[in-house]
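Q: Work the whole structure out from these sequences, hints included.
Numbering (our numbering), first residue to last: 1 to 485.
Quick caveat, the hints were computed from the structure, so don't treat them as lab data. In this text, all values refer to a predicted model and were calculated from it rather than measured experimentally. Every residue, glycine too, gets a C-beta built ideally from N, C-alpha and C. There may be inaccurate statements among the hints.
What the hints assert, rightly or not - Here are the computed distance ranges between Cβ atoms for each label pair:
#: 1; residue 1: 456; residue 2: 223; range: 23 to 29 Å
#: 2; residue 1: 452; residue 2: 385; range: 26 to 32 Å
#: 3; residue 1: 94; residue 2: 451; range: 28 to 34 Å
#: 4; residue 1: 408; residue 2: 477; range: 35 to 41 Å
#: 5; residue 1: 226; residue 2: 90; range: 42 to 48 Å
#: 6; residue 1: 378; residue 2: 303; range: 44 to 50 Å
#: 7; residue 1: 264; residue 2: 377; range: 29 to 35 Å
#: 8; residue 1: 455; residue 2: 277; range: 35 to 41 Å
#: 9; residue 1: 277; residue 2: 369; range: 38 to 44 Å
#: 10; residue 1: 9; residue 2: 425; range: 42 to 48 Å
#: 11; residue 1: 426; residue 2: 212; range: 16 to 22 Å
#: 12; residue 1: 9; residue 2: 206; range: 26 to 32 Å
#: 13; residue 1: 454; residue 2: 163; range: 42 to 48 Å
#: 14; residue 1: 409; residue 2: 325; range: 36 to 42 Å
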Amino acid sequence: MQPIHILLLIAIYFGVLVLISYRTGKNAGNDTFFKANKQSPWYVVAFGMIGASLSGVTFISIPGWVEGAQFGYMQVVFGYLIGYIIIAYLLMPIYYRLNVTSIYQYLAQRFGMVSYRTGAFFFFISRVLGASFRLYLVAIVLQQYVFNALHIPFELTVILSILLIWIYTFKGGIKTIVWTDTLQTLFMLVAVGMSIYYINDRLAWSFSDFMASDALAQYHQIIFTDNFLAKNHFAKSFIGGIFIAICMTGLDQDMMQKNLTCRSLQDAQKNMLSFSIVLVIVNFVFLLLGALLFIYAAQFGIDIPMVDGKPKTDLLFPEIALQSGLGITVAITFLLGLIAAAYSSADSALASLTTSFCIDFLDTESKEEQAQIRIRKRIHIAMSVLLVIVIIIFKHILTENVISNLLTVATFTYGPLLGMFAFGIFTKYKIKDTYSWIVALVAVSIAVTLKFMPASLLGGYQVGYELLPLNGLLTFIGLILIRTK
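A: Rendered as structure tokens:
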């Protein structure tokens, strides 16, 4: 598939998104941009959230992780399921009862303005880095297989990617995103299904042959319990998965903003529970695809692609889909799936960053309507520029698998949010609000120190995703120390 054909496909795809934006953005004010007027059907939100949760990281990076981690990621995914149930029945009732636009407004009512801004700040850092990870991954794929051939620099690739997102989100915001996410999720799932079918066909296998093959048996270990000191032990991964789900969905303005567009709490809970079950199944299918990719690469002598002289397993899926002769159908569906996976999370990230900054830091809800709209549009542009800068920086500093980097950052940035919300929900204490930011900063500093401390100093213990609840616990203990009656 030639680069010009890929560009044409991208142009058609975004043309469809702009058309959806035009239909959903008519007469859109801030209530539409931030809350979709609370008129979103729960089943539409649920289906779209699958794509937003998976993103380009899942689409490319999780299949590329199978070689090193086998199916161990499912240990984390099983934890997700428990985490989503907790979100549906513990956090959602609070958000709907308080009728918040930003979920961090809860912290303002519970503790005070410093805690409120501290929580919003950690979300802001989390989402900027998370969205940048996801878009970076897609940008390097487009650069590798499209823009290098056209002699277009990586920096311009990133700018064009963000510009396209801005174009179809600047009017309708979250209302547009709820509907574009459904289309993007559909493209992503079709792409995975088609890829599995055609790769199996090339290997002269049926799907049942693949599932029963000795080749799959080399990759499909799910539960790891032999060494508790290891990073991938089941207990660490499962507990970490619970808290990753609670934090990266339940305490994340990006994901909760979609849920808050549902008509009622009951609809939002239906959305969360149905979404959680489907997500477990879809993640398992992605891991099956990853094993199939490595089997196919070994069979046909396909090397892991290199970027700046380093092997990138994240690029194995695009390498096989676009360069191994599987045919135009796989190439087109892969590209549609990749673009959909990336932009289904990036567009909502841009909207949620705009929402959080406007509501949490600039207090636009206290201003008159026209001023609110004017400020929101300026912040939307500023957030776009910020994402461009961070993604370009990532190109020069990232070395590991992107999903690994993403989850590691989450253990640092979401810990204070976990501790603050837990303290607010499970205790009746007030705190000395002025000092809450210090508590959060100290907890993160300790977590970072533990993460990068040599395992030899910890008796051979390797710190994994359990660092997230530990970070939250440190914040919780710190808040106890500054409590008042």
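Q: Taking each numbered hint in turn, which are not upheld by the structure, reported in ascending numerical order?
A: The structure conflicts with hints 4, 5, 11, although it agrees with all the remaining ones.
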